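*Asks:* Next come the chains, spelled out residue by residue.
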Amino acid sequence: MSKLAPLSAIDDLVRDGDMVALGGGWLANHPMAAVRQLIRSGKKDLRLVSNIGSIDVDLLVAGDCVAEVHYSMVSLEAFGFANHMRAGFESGRVKAKEIPGLAMLIGLDAAGRGIPSISYVGPFGSDLIDCNPDLKRVKCPFSDRDMIAVRAIKPDVALLHVTRCDSDGNAQWHGTVAPDVVMGKAAKRVIITCEEVVSRGEIVKTAAATGLPGYYVEAVIEVPFGAHPCSHVPRYAMDAFNIWDYSELKPGDPKLADFIARLRGESEVEYRARVLDRETAQILRTLADLGRPLAEAA
Amino acid sequence: MKVETHELMVCLIANEVRNHGVVVFGSYTPLAYSSYMLAKLTHAKDVTLIGYNAIDMSAVEMSYFGHEAAAYKCSTARMDALNEVNSIHLSHRGTVECISPAQIDGSGAFNTSIIGDPAQPKVYLPGQAGASDVAQHYERMVFYIGNHSTRTLVPKVDFVSGNRWKISATERRKHGLVPGPYKVVTNMAVMDKDDEDRPFRLVSVHPGLSVEDVVSQTGFELDTTDTIVTPDPDTVHLDLLRTRIDPRGTAKLGILGGQERRDYLRQIIEYEWQRAKDHLKLSAAA
Numbered sequence: 003m004s005k006l007a008p009l010s011a012i013d014d015l016v017r018d019g020d021m022v023a024l025g026g027g028w029l030a031n032h033p034m035a036a037v038r039q040l041i042r043s044g045k046k047d048l049r050l051v052s053n054i055g056s057i058d059v060d061l062l063v064a065g066d067c068v069a070e071v072h073y074s075m076v077s078l079e080a081f082g083f084a085n086h087m088r089a090g091f092e093s094g095r096v097k098a099k100e101i102p103g104l105a106m107l108i109g110l111d112a113a114g115r116g117i118p119s120i121s122y123v124g125p126f127g128s129d130l131i132d133c134n135p136d137l138k139r140v141k142c143p144f145s146d147r148d149m150i151a152v153r154a155i156k157p158d159v160a161l162l163h164v165t166r167c168d169s170d171g172n173a174q175w176h177g178t179v180a181p182d183v184v185m186g187k188a189a190k191r192v193i194i195t196c197e198e199v200v201s202r203g204e205i206v207k208t209a210a211a212t213g214l215p216g217y218y219v220e221a222v223i224e225v226p227f228g229a230h231p232c233s234h235v236p237r238y239a240m241d242a243f244n245i246w247d248y249s250e251l252k253p254g255d256p257k258l259a260d261f262i263a264r265l266r267g268e269s270e271v272e273y274r275a276r277v278l279d280r281e282t283a284q285i286l287r288t289l290a291d292l293g294r295p296l297a298e299a300a
Numbered sequence: 046m047k048v049e050t051h052e053l054m055v056c057l058i059a060n061e062v063r064n065h066g067v068v069v070f071g072s073y074t075p076l077a078y079s080s081y082m083l084a085k086l087t088h089a090k091d092v093t094l095i096g097y098n099a100i101d102m103s104a105v106e107m108s109y110f111g112h113e114a115a116a117y118k119c120s121t122a123r124m125d126a127l128n129e130v131n132s133i134h135l136s137h138r139g140t141v142e143c144i145s146p147a148q149i150d151g152s153g154a155f156n157t158s159i160i161g162d163p164a165q166p167k168v169y170l171p172g173q174a175g176a177s178d179v180a181q182h183y184e185r186m187v188f189y190i191g192n193h194s195t196r197t198l199v200p201k202v203d204f205v206s207g208n209r210w211k212i213s214a215t216e217r218r219k220h221g222l223v224p225g226p227y228k229v230v231t232n233m234a235v236m237d238k239d240d241e242d243r244p245f246r247l248v249s250v251h252p253g254l255s256v257e258d259v260v261s262q263t264g265f266e267l268d269t270t271d272t273i274v275t276p277d278p279d280t281v282h283l284d285l286l287r288t289r290i291d292p293r294g295t296a297k298l299g300i301l302g303g304q305e306r307r308d309y310l311r312q313i314i315e316y317e318w319q320r321a322k323d324h325l326k327l328s329a330a331a
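First to last, the protein sequences are chains C and W. The working numbering applies: residue 3 is where the first sequence begins, and numbers increase by one. The working numbering applies: residue 46 is where the second sequence begins, and numbers increase by one.
Isolated chain C, as found in the complex:
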């Protein structure tokens, strides 16, 4: 049965209060079209799981969709802090749950394998251990070595953006994968957005590039520029001017309300028409193309 769905399928597949894992990392390949759809459908009290988050997490907090964030890092990198997330944390409106980066991956891995916890040689001495009820100091039963046990992290939903996918959900990343695969295996429901839906035959021909097989996947949604304004290499670089404009919206700024209202009031097709004219789209592709190894660089 085909899993192809419209972007609006997210309205039903994600529920208020769900634990939602967001793929991508840094300013690369976050599932931004899906994030925008969560804002459009006015989701509330989401509990986000973000390994290395940026504008994905911050925008959802700005859109008032979030109750807590499980993260190892969230920042807009050279653009500055994730100001809306910070304001949410600092006012107590949003709960901050920082966890060591590797512990998050291990907790997700445990969920995907059906194990209640996995222990590893974790960051002893970090204050993050004893203030987190999902981490515990234990001893290796064989060697007596000190270890940190990580409780399984079980997202209700994972939102992942990929390059190509077939209608069964066989998903291929051509560029940055970040924590997407482990999130996909951990979550109860996986929603794939993709730049392009391709035939099963096309996937079969390039099966080595498939990162997540279809049996994990519940819905496949075709959204070109679905990571915008983040990068999706090799197809496009990040839209730094778009992120720039966003990063100038400070919490409490009346322009922020307009910004969110505009996102809410337009479809994804209208969003693309507004922010990605033909020239911008071409420039974003060119910027990715111009990234060169030094041997070739002019």
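Hint data in this document are derived by calculation from the structure and do not stem from the laboratory. It is possible that part of the hints are untrue.
[What the hints assert, rightly or not] On the chain W side, residues computed to face chain C include the following (Cβ under 7 Å):
| # | residue |
| --- | --- |
| 1 | N98 |
| 2 | H112 |
| 3 | A114 |
| 4 | A115 |
| 5 | S158 |
| 6 | Y316 |
[To be verified] Which chain W residues face chain C? A few, computed with CB under 10 Å, are given here:
| # | residue |
| --- | --- |
| 7 | G175 |
| 8 | D178 |
| 9 | R307 |
As the structure is a computational prediction, the values presented were derived from the model and not from experiment. All C-beta atoms, glycine included, are put in the ideal place defined by N, C-alpha and C.
Got chain C; can you put chain W on it based on the hints?
*Replies:* What follows is chain W alone, placed relative to chain C:
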């Protein structure tokens, strides 16, 4: 030829990259990335670089928009976060890691999490990413700080995001960890520490600064017995950095903060955007 502070720091960090093992790029830290590229092109040709999910990439140009795509054009394998990252970080394959924390103290503890009382934080910082794990396991740990002051090098961090759990070679071996130095490279000086019970050594102060300048800006004790002046970078390094690796000077983003950094970033993205536009025009004409 005047050496800019960020250039000096890039060259100092490049010297910490040895010709073996794996180096994983963290979050977008162009100063550290430039150091890795520089090492890869010169004295560390056999080091394996991993940028984003591109394993064993060649050195790439530090274009702000292009370095991610470039990494995939010259790598031999791909990884997803869990499978490779944990195998590298936790099984002693990683050799050098650079972190730029908001605070560091004399015990080696660093803070990238919160400022203020942990029960009621005044400021939430971005978080440690994988640094709390990496700091413990890696052979060499480099902290780089662009604004050396008693606000960043503090008597005691507000919150321990992580630390080099064991520091001396003896203690590290005893706990199954690879021995290696703990270094701090700032805009003023180079420091290192190789013993839990002894203070950081002030290895060198950058040209034009005195030991007293650095000590007065440092919130913890320093051993200044053998402090020298930081030697100038190798001219070959400097030339490669300026002309090939980082012609737009993205590394400088690593030492700037706040509005200054944003203004500098704006120049870089405007330049590269225009370059892409010009490229498109040229290809259309051809």
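*Asks:* Against each hint, give a clear statement of whether it holds in the structure.
*Replies:* Hints versus structure:
1. N98: 5 Å, holds
2. H112: Since the shortest Cβ distance to chain C is 6 Å, the answer is holds.
3. A114: A114/W check passes; min Cβ-Cβ to chain C is 4 Å, inside 7 Å.
4. A115: For A115/W, the interface hint holds, since the closest Cβ of chain C sits about 4 Å away, which is under 7 Å.
5. S158: 6 Å, holds
6. Y316: With Cβ-Cβ at 11 Å, over 7 Å, it is violated.
7. G175: 3 Å, holds
8. D178: Where the cut-off is 10 Å and the nearest Cβ of chain C is about 4 Å from D178/W, the hint holds.
9. R307: 7 Å, holds
Checked against the numbered hints listed earlier, the structure breaks hint 6 alone; every other hint is satisfied.
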